[in-house]
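A.B. asks: Now for the letters of each chain:
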Amino acid sequence: MNSFAGTGTLTRFALRRDRLRLTIWALALTGTTAATVPALDQVFTSEADRAARAALMRTPTGVIFGGPGYGLEDYTLGPMVVNELLMSLLIALAVMNILGAVRHTRAEEETGRAELLRAGVTGRRAAGTAAMVVAVVSNAIIGALTAAVLVGSGLPAADSIAIGAGILLTGLTFAALAAACAQVVSHARTAIGLGMVGLGVIFMIRVIGDIAEQGGSALSWASPMAWVFQTRAYVDLRWWPLLLYVPAVLALTAITSALATRRDLGAGLVPPRAGRATAGRFLSGPLGLHLRLQRGSLITWTVATVALGVAFGSLADQLAVFLEESPEMIQYIGADPTALTDSFFAAMMQYVAMLAGAATILSVLRLRAEESAGRAEVVLATATSRVRWMGGAMLTALLIAVVTMLAGGLSMGAAADAVLEDTSYTGVLTLSALNMVVVPVLFGAVAALCYGLDQRLLPLLWLWFVASILITIFGPILDLPAWSLNISALEHPAFHPAEESVITPLAIMGGAAIVAALGALAAYRRRDLVTG
Amino acid sequence: MSTPPIQMRAVDKSFGSVKALDQLDLEVAEGQITGFLGPNGAGKSTTIRVLLGLLRADAGSATVLGMDPWRDAVEAHRRLAYVPGDVALWPNLTGGEAIDLLNRLRDTVDERRKDELIERFELDPTKKARTYSKGNRQKVALVSALAADVDLLVLDEPTSGLDPLMESVFTECVREARDRGTSVLLSSHILAEVEKLCDTVTIIRRGRAVESGTLADLRQLTRSTVVMEVDGDASPLAHRKGVHGLTQDGERITFQVDHDQWDPVMREVAALGVRSLVSNPPSLEELFMRHYGEDISHRPEGATV
Numbered sequence: 001m002n003s004f005a006g007t008g009t010l011t012r013f014a015l016r017r018d019r020l021r022l023t024i025w026a027l028a029l030t031g032t033t034a035a036t037v038p039a040l041d042q043v044f045t046s047e048a049d050r051a052a053r054a055a056l057m058r059t060p061t062g063v064i065f066g067g068p069g070y071g072l073e074d075y076t077l078g079p080m081v082v083n084e085l086l087m088s089l090l091i092a093l094a095v096m097n098i099l100g101a102v103r104h105t106r107a108e109e110e111t112g113r114a115e116l117l118r119a120g121v122t123g124r125r126a127a128g129t130a131a132m133v134v135a136v137v138s139n140a141i142i143g144a145l146t147a148a149v150l151v152g153s154g155l156p157a158a159d160s161i162a163i164g165a166g167i168l169l170t171g172l173t174f175a176a177l178a179a180a181c182a183q184v185v186s187h188a189r190t191a192i193g194l195g196m197v198g199l200g201v202i203f204m205i206r207v208i209g210d211i212a213e214q215g216g217s218a219l220s221w222a223s224p225m226a227w228v229f230q231t232r233a234y235v236d237l238r239w240w241p242l243l244l245y246v247p248a249v250l251a252l253t254a255i256t257s258a259l260a261t262r263r264d265l266g267a268g269l270v271p272p273r274a275g276r277a278t279a280g281r282f283l284s285g286p287l288g289l290h291l292r293l294q295r296g297s298l299i300t301w302t303v304a305t306v307a308l309g310v311a312f313g314s315l316a317d318q319l320a321v322f323l324e325e326s327p328e329m330i331q332y333i334g335a336d337p338t339a340l341t342d343s344f345f346a347a348m349m350q351y352v353a354m355l356a357g358a359a360t361i362l363s364v365l366r367l368r369a370e371e372s373a374g375r376a377e378v379v380l381a382t383a384t385s386r387v388r389w390m391g392g393a394m395l396t397a398l399l400i401a402v403v404t405m406l407a408g409g410l411s412m413g414a415a416a417d418a419v420l421e422d423t424s425y426t427g428v429l430t431l432s433a434l435n436m437v438v439v440p441v442l443f444g445a446v447a448a449l450c451y452g453l454d455q456r457l458l459p460l461l462w463l464w465f466v467a468s469i470l471i472t473i474f475g476p477i478l479d480l481p482a483w484s485l486n487i488s489a490l491e492h493p494a495f496h497p498a499e500e501s502v503i504t505p506l507a508i509m510g511g512a513a514i515v516a517a518l519g520a521l522a523a524y525r526r527r528d529l530v531t532g
Numbered sequence: 001m002s003t004p005p006i007q008m009r010a011v012d013k014s015f016g017s018v019k020a021l022d023q024l025d026l027e028v029a030e031g032q033i034t035g036f037l038g039p040n041g042a043g044k045s046t047t048i049r050v051l052l053g054l055l056r057a058d059a060g061s062a063t064v065l066g067m068d069p070w071r072d073a074v075e076a077h078r079r080l081a082y083v084p085g086d087v088a089l090w091p092n093l094t095g096g097e098a099i100d101l102l103n104r105l106r107d108t109v110d111e112r113r114k115d116e117l118i119e120r121f122e123l124d125p126t127k128k129a130r131t132y133s134k135g136n137r138q139k140v141a142l143v144s145a146l147a148a149d150v151d152l153l154v155l156d157e158p159t160s161g162l163d164p165l166m167e168s169v170f171t172e173c174v175r176e177a178r179d180r181g182t183s184v185l186l187s188s189h190i191l192a193e194v195e196k197l198c199d200t201v202t203i204i205r206r207g208r209a210v211e212s213g214t215l216a217d218l219r220q221l222t223r224s225t226v227v228m229e230v231d232g233d234a235s236p237l238a239h240r241k242g243v244h245g246l247t248q249d250g251e252r253i254t255f256q257v258d259h260d261q262w263d264p265v266m267r268e269v270a271a272l273g274v275r276s277l278v279s280n281p282p283s284l285e286e287l288f289m290r291h292y293g294e295d296i297s298h299r300p301e302g303a304t305v
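In the order they appear, the protein sequences are chains A and B.
Counting from 1, one number per residue, gives the positions in the first sequence under the numbering used here.
Counting from 1, one number per residue, gives the positions in the second sequence under the numbering used here.
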């Protein structure tokens, strides 16, 4: 039997299904590039501006989302694009590819749609291969458009094409990684989680490797995210690092293929076990049920924020070493060493809050999954009021917000204390986390309000969430006006520990969250349940 | 007894421009099993969701166990149990956990009966719900509902995934529930099931109740089919009042007779010299087709039916 049979049809079908999704991703990613490149040119006009910015990019904070730092000596537009923009693009691209690959493989199997297809003339490898072809097509489009935008901005063609090719190959690597994850576990959500963990590991290997040495150390080379930077585009172009992607993608694809032909449809490598015949005491009400359903997510998100906290916290000594080595930096940045460390932690706390915000929103939105699957109906047909049902979900989301945020702060502080042989950061950064906890809580409450009023409002929430992240990441670089910074929920709490915590914004945001939560409950009591 | 367990009067419900319920009347009498019949899309599930307070009626009045289904949902739900047609369960909970959870949320369980039902339905409660077939998920909801000590059971096409053996277990269990005094609303499109179980029937069509009453009442409204062998010539019968669709094949004649014309028709037939006679009361299917036959014959490809 030909295990690839039907690949062509499945590919066309997948592209047809995803045409809107892919268009939005392509427009968002290339649109960001098209908007950022001229802005970079305008914001950093003078030599001094550029030198100061380059100095900042050499700090560990700069390296995390910058890269190995090629071209900082003569910080012209080309190196600026690579250092300021490329890493964020690659992360977004990786997320797109992980979601896409799982969507076309494991998610299809889980919903049972694949069964229908597999019963037709469709081979075992067809779905996986079609997912990869879709990934090639979508990443090639994004890579080509990005290269075109860069060339259009007056940058050298060869270097821009290298960046475009790097985008294509990095995207493919993550698609291949996610497709392999989708073979190992039997649930789409778990596969996505596993893919995201992979992304985190690959990202952190590069961060640690690049911070150790400008231009990247041996460790950096272990991360596919480093290879595109190693082409030294716009500085001293070399093509061969891109070749490294080929064996990586082939190896991952071979693993996927081997697993796909060996297992049953719908099965993972981990077999299901028998469970308990009766419910434990804990599983006796809506809150108990929500906690039980989200136990796995709570653990996963907490592990993720702890990992982020430890990773960023342990960079504190690098920061100190860096300042000792280049005291002229302080002149550029115009701050004393402690202030630099503190603003590094304050910025990192914003990243923890983004992660906690995503966790909280997704937790609230479990309600929507319960409703559309018809499980909310089963519960609400018992003596359970809507307020208890939704309230249980909201308390669970609140718990996730507080636990992930505090875990991030505490672990960042503990890691910083460990590497600096200090004792003060654990307490200070826990306070920083407490200062920010209102951010995920507000995101969650607004998500609940949108869901309670009408599920069709949820895109507005996502828009606000993504805008908050983009404004907080790019706002300072792009010199955005103050009013637009105010759109981001992340900008309202004080920049602790660099600034003193202020109670007023926290009280206002907390109050707004309470009002939104109460409004959500009131609205949910009034509306019809959406049923199948 | 004041109000019946379920009473709906002139209930309307629209989704956008689609009218799902149109002046619907429905009643379930105390201690009886009421069949709720209609094809897919007639409004059965919408009716049930209004009764459960999941949807709010646009107009009309509805009471469940004497309470307002929207305002007093929680109180009403303490005394009823519901089995949906397509049971969705939490994939990572076992069947046993789901049964216990639902019973605790209802707070009215008979533990002994629960164990007995799990055995009768041959359900393995230690399996995770994600590994269950549709039939097994349905068993979970049935065990939980039937184990509850409630006054009213609301069952929405509860046997659509069960095999014939389990269907008969279901039939027994619902009869036992009625014998305990529980009232039952059984929505279905399986006519044999309704015929076997129900005391009264309501037929719904395009959101409107077009027929309701006991099966015997409904049968009075329509004709019985008679097949007989006679010696004489039966052709004059064809024009007699109350006789319809007479066909003759040698000595064998077939016709339908109106219920109020049995006596005069039989006297006339007797004179022909009867050698055998079989009379079939109208099946529920025929009752049903009386209301839906028109739709079917209007379908171009179904014109021959």
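These are calculated hints, taken from the structure and not from any lab test.
Beta carbons are placed, not taken as given, at the ideal position from N, Cα and C, and that holds for glycine.
Fair warning: there could be bad hints in the mix.
[Claimed, not checked] Once the Cα atoms are required to be at most 16 Å apart in a straight line, the calculated EDC-like pairs of lysine to aspartate or glutamate come out as:
hint, chain 1, residue 1, chain 2, residue 2
1, B, Lys134, B, Glu167
2, B, Lys128, A, Glu110
3, B, Lys134, A, Asp49
4, B, Lys128, B, Asp149
5, B, Lys134, B, Asp151
[Unchecked claim] Which bits of chain B does chain A cover? Going by a derived footprint, with three or more residues having C-beta under 8 Å, they are:
hint, stretch
6, 68 to 77
7, 120 to 128
A.B. asks: So which of the earlier hints does this model not fit?
C.D. replies: 3, 4 and 5
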